[in-house]
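Novice: So the sequences go chain by chain: W and P. With the first letter of the first sequence counted as 1, position 5 gets the number 12 in my numbering; the numbers rise by one all the way through. With the first letter of the second sequence counted as 1, position 147 gets the number 154 in my numbering; the numbers rise by one all the way through.
Check the hints yourself; a few may be wrong.
Put simply, identical chains are the same to the list, so a pair is met inside one copy or across any two.
As the list claims (entries may be wrong) - In silico SDA-like links for lysine to any residue, alpha-carbon gap of 25 Å or less:
hint	residue 1	residue 2
1	Lys141	Asp125
2	Lys141	Pro59
3	Lys141	Gln26
4	Lys141	Asp28
5	Lys141	Gly92
6	Lys141	Ala62
7	Lys141	Thr21
8	Lys141	Leu22
9	Lys40	Ala157
10	Lys141	Glu25
11	Lys40	Asp156
12	Lys40	Ala155
13	Lys141	Pro24
14	Lys141	Asn106
15	Lys141	Asp126
To be clear, the hints were calculated from the coordinates, so they are not data collected in a lab. Given the structure is predicted, the values throughout are model-derived calculations rather than measurements.
There are 2 protein chains.
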Amino acid sequence: MDTSDDKKNAAPPTLRPEQDDRRWAGVDLMQYKQEGSAPFRDITRQVLFDDPQLAAQMRYFEMAPGGYSTLERHQHMHAVMILRGHGRCLVGNRVFEVNEHDLVTIPALAWHQFRAPDDAPMGFLCVVNAVRDKPQLPTPADLDALRADAATAAFIRT
Amino acid sequence: MDTSDDKKNAAPPTLRPEQDDRRWAGVDLMQYKQEGSAPFRDITRQVLFDDPQLAAQMRYFEMAPGGYSTLERHQHMHAVMILRGHGRCLVGNRVFEVNEHDLVTIPALAWHQFRAPDDAPMGFLCVVNAVRDKPQLPTPADLDALRADAATAAFIRT
Numbered sequence: 008m009d010t011s012d013d014k015k016n017a018a019p020p021t022l023r024p025e026q027d028d029r030r031w032a033g034v035d036l037m038q039y040k041q042e043g044s045a046p047f048r049d050i051t052r053q054v055l056f057d058d059p060q061l062a063a064q065m066r067y068f069e070m071a072p073g074g075y076s077t078l079e080r081h082q083h084m085h086a087v088m089i090l091r092g093h094g095r096c097l098v099g100n101r102v103f104e105v106n107e108h109d110l111v112t113i114p115a116l117a118w119h120q121f122r123a124p125d126d127a128p129m130g131f132l133c134v135v136n137a138v139r140d141k142p143q144l145p146t147p148a149d150l151d152a153l154r155a156d157a158a159t160a161a162f163i164r165t
Numbered sequence: 008m009d010t011s012d013d014k015k016n017a018a019p020p021t022l023r024p025e026q027d028d029r030r031w032a033g034v035d036l037m038q039y040k041q042e043g044s045a046p047f048r049d050i051t052r053q054v055l056f057d058d059p060q061l062a063a064q065m066r067y068f069e070m071a072p073g074g075y076s077t078l079e080r081h082q083h084m085h086a087v088m089i090l091r092g093h094g095r096c097l098v099g100n101r102v103f104e105v106n107e108h109d110l111v112t113i114p115a116l117a118w119h120q121f122r123a124p125d126d127a128p129m130g131f132l133c134v135v136n137a138v139r140d141k142p143q144l145p146t147p148a149d150l151d152a153l154r155a156d157a158a159t160a161a162f163i164r165t
């Protein structure tokens, strides 16, 4: 049967060329998250690899100028490579400058957030386990603790 | 104890910048495989992410001009993104032209081989399950079957 579910679960074609800057043939440009589920700004998601035979997924997230990802944490780790542009990220209690092809490891339960600069987009690959826990948002007490550090306080967007 | 095993298994620093073209801080440039274990030419391996908490590994392979990976197959799938240059690859019984950022899916048991052009390097990211089977090399009968196709016969290096 050729139902939409079958299509969704079908293996991708062998080759999916990049068609435009960080847009791929046959890969849907998706919302980052459900609207209203968590704070974020001007960010899109593309799922590049998601296969029952693969224990991980590879996704590509891109922020427009001034965009940022949700400030969150979770038990699963993130394996990140910056794939477009440059920007900054919070991991744990430190803010890092990041550039194209840099590798970022986000350990279990580390608070993290990515931000594009105001004048250019920034995108990154993110590999995660296919089976993983849901992100946690900071409580007011968590935010107070994060804001005890001046650099972190100036960086985070909530 | 600070043994070399501890170091090997220690979590990487949060940020590992790209230091030179597709070379990363704190990532060893390794041989592709054991010498003599299988046919290949002018190819290096860097393991970018390999963590007990991650169900997959992300590796980066780069071929010098004229280099090629081993013609092989295995049960585990490969999730590939070209990260440097352009070239060609065999997947199954087809030869594809590939360019930077293109995505290549190598299904279970598909014969595959990557080749850089003669005048430039080509590199690719490859995500695989952390637990996986060993590659199989083609038997003489497998090679005869592959060479029944003229384009494949012209492409493969053994």
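Novice: All hints, please: hold or fail.
Specialist: Hints and how they fare:
1. Lys141 - Asp125: neither (29 Å within a copy, 47 Å between copies)
2. Lys141 - Pro59: Cα proximity of Lys141 and Pro59: in one copy and across copies (19 Å, 20 Å).
3. Lys141 - Gln26: neither (32 Å within a copy, 34 Å between copies)
4. Lys141 - Asp28: neither (30 Å within a copy, 35 Å between copies)
5. Lys141 - Gly92: Neither way: Lys141 and Gly92 sit 28 Å apart in one copy and 37 Å across, limit 25 Å.
6. Lys141 - Ala62: Both ways: Lys141 and Ala62 sit 17 Å apart in one copy and 17 Å across, limit 25 Å.
7. Lys141 - Thr21: For Lys141 and Thr21, only the inter-copy Cα distance (22 Å) is at most 25 Å; the intra-copy one is 31 Å.
8. Lys141 - Leu22: between (31 Å within a copy, 24 Å between copies)
9. Lys40 - Ala157: neither (29 Å within a copy, 48 Å between copies)
10. Lys141 - Glu25: neither (30 Å within a copy, 30 Å between copies)
11. Lys40 - Asp156: neither (28 Å within a copy, 46 Å between copies)
12. Lys40 - Ala155: neither (28 Å within a copy, 49 Å between copies)
13. Lys141 - Pro24: neither (31 Å within a copy, 28 Å between copies)
14. Lys141 - Asn106: Neither. Shortest intra-copy (28 Å) and inter-copy (35 Å) distances fail the 25 Å Cα cut-off.
15. Lys141 - Asp126: neither (32 Å within a copy, 47 Å between copies)
Checked against the numbered hints listed earlier, the structure breaks hints 1, 3, 4, 5, 9, 10, 11, 12, 13, 14 and 15; every other hint is satisfied.
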